[in-house]
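Trainee: Sequence:
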Amino acid sequence: MKIVALSCTQKRLPSLTDALLEAAITGVVREVGDAEIQRIRLIDHRIAMCEGEDTCLDPEVGRCTLDDDFEHVVDLAKGAQAMLLAMPVYAGNVPAVLKIFQERLKSFMNASQRPFGDLLVGTIVHSRTMLTEPALGSLFPWYLRLRNKNVASACFTQNDHQDLTRTAALDLCVAVGRQLGMTLDDSRSPANDRTALPLVQSPARPRCGDPAASSPGA
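Its first residue numbered 1, the sequence shown is counted upward by one per residue in the numbering used here.
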């Protein structure tokens, strides 16, 4: 099972984003024994800004005409069933490197199969001070357009912690990966092979107006 691990930091290695992403990878591998992890660091690839010409939407063209590493990155994700995405918050929103990549993916807007689409996703967002939740929320329109389903998220604010990797953040990232892995495993397991939990029903309670409900001291 192929899983894309997408790092959206704009820092070279080592980076906090990649450390948190690696923890999430540990979690998903724990649940999915045959996981094939495809790591992609957007900053390591040459991806130019969309020039807004929209020639890619012309059926006779059908592809982005910019000459860079974009198509190579798209090819790296082929065949994936899930994605772990980790990103820092820059200026209260997603990093520019991710925004550029999102805009370039519009070249597949009219395609039946959209790259980085139809995936189960686990998301990790971190920042120095605040605004992690709004940045996380800004990802969901993109997920919806690609028909992705976010199954687990974690947001971390650094504040006075000099090193988030020495806090519970790593454990929570592992949990994000495990949740993604369990969801993947559940999606490919036949329903009749799953253990059904017993249905527990609470005893009947008297309704308002019944004699038992209006007894003295009730």
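Derived by calculation from the structure, the hints in this document are not laboratory data.
Keep in mind that a hint or two might mislead.
Quick list of in silico lysine-lysine cross-link-like pairs, DSS-like style, CA-CA up to 30 Å [stated by the list, open to error]:
#1 106 / 11
#2 149 / 99
#3 11 / 149
#4 78 / 99
Trainee: Each hint: holds or not?
Mentor: Structure-based check of each hint:
Proposed proximity of residue 106 and residue 11 is supported: the alpha carbons are some 25 Å apart, at most 30 Å. Restraint check: the Cα-Cα separation between residue 149 and residue 99 comes to about 19 Å, which is no more than 30 Å; the hinted pair holds. Annotation: proposed proximity of residue 11 to residue 149 holds, straight-line Cα distance about 27 Å (limit 30 Å). A distance of roughly 20 Å separates the Cα atoms of residue 78 and residue 99; the hinted pair therefore holds under the 30 Å criterion.
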